[in-house]
Amino acid sequence: MTALISKLLLVSKLTSRRHPENEFHVTDVPDDLAIEIDHNDSPISKQPAEWLVCFVPGLKKQWWHRFTHPRHKHVFALKMVGDDQWVLVEPWWTRIMVTTLRTDEAVKFLRWGAAGSILRVTERIPGAGSQARGWANCAVLISLMLGRSYWTWTPHGLYKRLSAEDGVERVELDVFLEEKLTSTMHVMSEKALSDVPTLIKLSPEAAFMEFGRRISKVMFSSSSFSFYRFAVSEAPRFPAAAGAYFSHGPRQAVDVAKALISHFCASGRFHECNRERASRAFLSMLRGNLFQEIALGCRTEPDEKDLDLRIKSVVEFFLRGANDFVKLVETHEIEESVQPRQPEIGAREQFSPADIRLPVILPVQQRSTRRLMPVERNVIRVLGHELKTAGHEA
Amino acid sequence: MSSPAHISDAKEEIISRVADVLCQERATATNIESVVYKAAVDRDAVIAKFGSMHGLLLEMVSNLSDELIQPLEQQSMDRTMRDVLIEFGIQLAHTYATSHLIALYRITLSEATRHSGIGRDFFERGPARLTACLARYFEFSVRRFGKVRFSDARRLADNFLYLLGDTLEFSDWMTTTRVATAKDCRDAVIEAVDLFYYGLVKGEQ
Chain A
23 MTALISKLLL VSKLTSRRHP ENEFHVTDVP DDLAIEIDHN DSPISKQPAE WLVCFVPGLK
83 KQWWHRFTHP RHKHVFALKM VGDDQWVLVE PWWTRIMVTT LRTDEAVKFL RWGAAGSILR
143 VTERIPGAGS QARGWANCAV LISLMLGRSY WTWTPHGLYK RLSAEDGVER VELDVFLEEK
203 LTSTMHVMSE KALSDVPTLI KLSPEAAFME FGRRISKVMF SSSSFSFYRF AVSEAPRFPA
263 AAGAYFSHGP RQAVDVAKAL ISHFCASGRF HECNRERASR AFLSMLRGNL FQEIALGCRT
323 EPDEKDLDLR IKSVVEFFLR GANDFVKLVE THEIEESVQP RQPEIGAREQ FSPADIRLPV
383 ILPVQQRSTR RLMPVERNVI RVLGHELKTA GHEA
Chain B
37 MSSPAHISDA KEEIISRVAD VLCQERATAT NIESVVYKAA VDRDAVIAKF GSMHGLLLEM
97 VSNLSDELIQ PLEQQSMDRT MRDVLIEFGI QLAHTYATSH LIALYRITLS EATRHSGIGR
157 DFFERGPARL TACLARYFEF SVRRFGKVRF SDARRLADNF LYLLGDTLEF SDWMTTTRVA
217 TAKDCRDAVI EAVDLFYYGL VKGEQ
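Residue numbers (my numbering), protein chains in the order written: chain A, 23 to 416; chain B, 37 to 241.
By construction, these hints were calculated from the structure, which means they are not laboratory data.
No residue lacks a Cβ here, since even glycine has one placed at the ideal position from N, Cα and C.
Hints should not be assumed to be uniformly reliable.
Dumping the calculated DMTMM-like pairs for lysine to aspartate or glutamate here, alpha-carbon to alpha-carbon at most 25 Å [unchecked claim]:
{"#": "1", "chain 1": "A", "residue 1": "K83", "chain 2": "B", "residue 2": "E69"}
{"#": "2", "chain 1": "A", "residue 1": "K82", "chain 2": "B", "residue 2": "E69"}
{"#": "3", "chain 1": "A", "residue 1": "K68", "chain 2": "A", "residue 2": "D188"}
{"#": "4", "chain 1": "B", "residue 1": "K238", "chain 2": "A", "residue 2": "E298"}
{"#": "5", "chain 1": "A", "residue 1": "K349", "chain 2": "B", "residue 2": "D114"}
{"#": "6", "chain 1": "A", "residue 1": "K334", "chain 2": "B", "residue 2": "E175"}
{"#": "7", "chain 1": "B", "residue 1": "K238", "chain 2": "A", "residue 2": "D277"}
{"#": "8", "chain 1": "A", "residue 1": "K83", "chain 2": "B", "residue 2": "D80"}
{"#": "9", "chain 1": "A", "residue 1": "K213", "chain 2": "A", "residue 2": "E227"}
{"#": "10", "chain 1": "A", "residue 1": "K349", "chain 2": "B", "residue 2": "D230"}
{"#": "11", "chain 1": "A", "residue 1": "K280", "chain 2": "B", "residue 2": "E227"}
{"#": "12", "chain 1": "A", "residue 1": "K334", "chain 2": "B", "residue 2": "E227"}
{"#": "13", "chain 1": "A", "residue 1": "K334", "chain 2": "A", "residue 2": "E227"}
{"#": "14", "chain 1": "B", "residue 1": "K238", "chain 2": "A", "residue 2": "E338"}
{"#": "15", "chain 1": "A", "residue 1": "K280", "chain 2": "B", "residue 2": "D220"}
{"#": "16", "chain 1": "A", "residue 1": "K349", "chain 2": "B", "residue 2": "E109"}
{"#": "17", "chain 1": "A", "residue 1": "K82", "chain 2": "B", "residue 2": "D78"}
{"#": "18", "chain 1": "B", "residue 1": "K238", "chain 2": "B", "residue 2": "D223"}
{"#": "19", "chain 1": "A", "residue 1": "K280", "chain 2": "B", "residue 2": "D230"}
{"#": "20", "chain 1": "B", "residue 1": "K219", "chain 2": "A", "residue 2": "E298"}
{"#": "21", "chain 1": "A", "residue 1": "K280", "chain 2": "A", "residue 2": "E227"}
{"#": "22", "chain 1": "B", "residue 1": "K238", "chain 2": "A", "residue 2": "E352"}
{"#": "23", "chain 1": "A", "residue 1": "K202", "chain 2": "A", "residue 2": "E72"}
DEER-style ranges, computed between Cβ atoms [to be verified]:
{"#": "24", "chain 1": "B", "residue 1": "G91", "chain 2": "A", "residue 2": "R259", "range": "18 to 28 Å"}
{"#": "25", "chain 1": "B", "residue 1": "E103", "chain 2": "A", "residue 2": "Q69", "range": "50 to 60 Å"}
{"#": "26", "chain 1": "A", "residue 1": "A281", "chain 2": "B", "residue 2": "G91", "range": "41 to 51 Å"}
{"#": "27", "chain 1": "B", "residue 1": "G91", "chain 2": "A", "residue 2": "R155", "range": "43 to 53 Å"}
Use the sequences and the hints to build the structure in full.
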């Protein structure tokens, strides 16, 4: 008895010695951690998130499917946590899958959802669910995750309860994806292309180098690949969303490239060309095999240094062509009298050496300076050869 | 027991039937299994002849590459490089516009998410092979005049291949259903070869 009293006194002494701030002290938990909690006893406070709750048919036949709704046999939920980041919560028989997904991956789950029904539901914090609900099937677990207290054990039951709530909306996937792609690509394009008009003040080399850098930074980002994969592989199912990707993304880049090319053509620094084709060619070269390798999952994104070297090579090639290489090959082809490149050149040999009216001979569409240059070179070669022969004969 | 010729005929028959369906559905095909089903080809026959559905898809890619590289493989001395590049480019543009390549690419890209390795195989048999052949052709063009090995051939080949067209990147999603005329293709290829030769900047020739 004495021992018990002394123990009680000791407890009382300890209690009385506690600082008033430590009223929430929990044994074995440091005070500073226990204090830093919000009114829901959570170390951090979060605003309730919106979830896309998907009620779906089964992907494979199960014995219990006969007891459930034809299109609502299973339920899982997804939420967006960034432009290209999703969190998936899917109860399995054997575990709960909680994982992050890229957009192209998330769309595969959303497509499954669209085969049933998708509801946009805001979670409740702290919620009114209970762990004591019992049987932890998919409907019960998702209901608990959303903080709902519904006494229902089937996906369709949960669907009916949630559908009846104010503020819960049905999601039309094609419309949702189109809006999502439009807004995301618009932001990405704005970021990369917003002050491009300033580039026209630079030299062609500097302007295309800077433009290439900006585009490549976006184009070779992981989110860009995710949207690209989505747009290509899902275009047949979601044409409007895929169209939104291309028109608010790559198309914007083509338009800027076109504006740059037009500017340098107008200022006389570029040859006349089909500006649309040339713009697309520039962007296509920027992508090159590297882009395909990453898109097809053969390698990871390149580092900045590698990318810069690549852009430099593309810009050089775009502006000057394979100049040294071509000169080397062309010179030898001419020396070795390989077949003339254009029939007009062969025909030219029938004219008198004094006749250099090639622009008249050539069809109108081939009269650009660039097309005439090799022709003229050949004419000079032919004329030179004829004069040389004439000299020998004399 | 089937003879090698018989096996080859059976493979060609399967490829031809699947290619027909892919061409009809080039804008919508996203799964090789469903295409095989629509082509009324027995799944077991595909497995027996190609090892797997992926095996069928990859063999189709290889066949297309074989056709595309033909102009580059005939390394004749009496043709200019320009002629060869134009022929290669027209063949490539024609394949993009009319064949089942786009559908095969779309299926592969969708499958690549599952990390089955098909993406790498497609790349090796498709774009990587074309790039390597182009690079070899450029090296040949230099070597035929007795010059030393051309060190930057692969980069040049990469640039030229993508300069020729971006249909494979679907930069315009409408390309999946657009049919370019032969003249369009030829004009685009000639313009691309001009760009390859001289670039856009004036006064560089």
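Exercise. Quick one, are K238 of chain B and E298 of chain A close enough, alpha carbons at most 25 Å?
Worked result: holds, 19 Å
Exercise. Does the structure keep K238 of chain B and D223 of chain B at a Cα separation of 25 Å or less?
Worked result: holds, 21 Å
Exercise. Regarding the pair K280 of chain A and D230 of chain B, is the alpha-carbon distance no greater than 25 Å?
Worked result: holds, 18 Å
Exercise. Do A281 of chain A and G91 of chain B keep their Cβ atoms within the hinted range of 41 to 51 Å?
Worked result: The hint (41 to 51 Å, Cβ to Cβ) holds, given that A281 of chain A and G91 of chain B are roughly 47 Å apart.
Exercise. Given the hinted pair K238 of chain B and E352 of chain A, is their alpha-carbon gap at most 25 Å?
Worked result: holds, 19 Å
Exercise. Between K68 of chain A and D188 of chain A, does the CA-CA distance stay at or below 25 Å?
Worked result: Status holds; Cα separation ~22 Å.
Exercise. Within 25 Å, alpha carbon to alpha carbon, are K82 of chain A and E69 of chain B?
Worked result: Since the Cα atoms of K82 of chain A and E69 of chain B sit roughly 17 Å apart, the hinted pair holds (cutoff 25 Å).
Problem set entry | Hint check for Q69 of chain A and E103 of chain B - Cβ pair distance inside 50 to 60 Å | At 58 Å between Cβs, range holds.
Exercise. If you draw a straight line from the CA of K202 of chain A to the CA of E72 of chain A, is it 25 Å or shorter?
Worked result: Roughly 15 Å separates the two Cα atoms, so the pair holds.
Problem set entry | Pair hint outcome, K349 of chain A versus D114 of chain B [Cα-Cα no greater than 25 Å] | holds, 18 Å
Exercise. Given the proposed pairing of K238 of chain B with D277 of chain A, does the C-alpha separation stay at or below 25 Å?
Worked result: holds, 22 Å
Exercise. Taking the beta carbons of G91 of chain B and R155 of chain A, is their distance inside 43 to 53 Å?
Worked result: holds, 49 Å
The structure meets every hint from the earlier list without exception.
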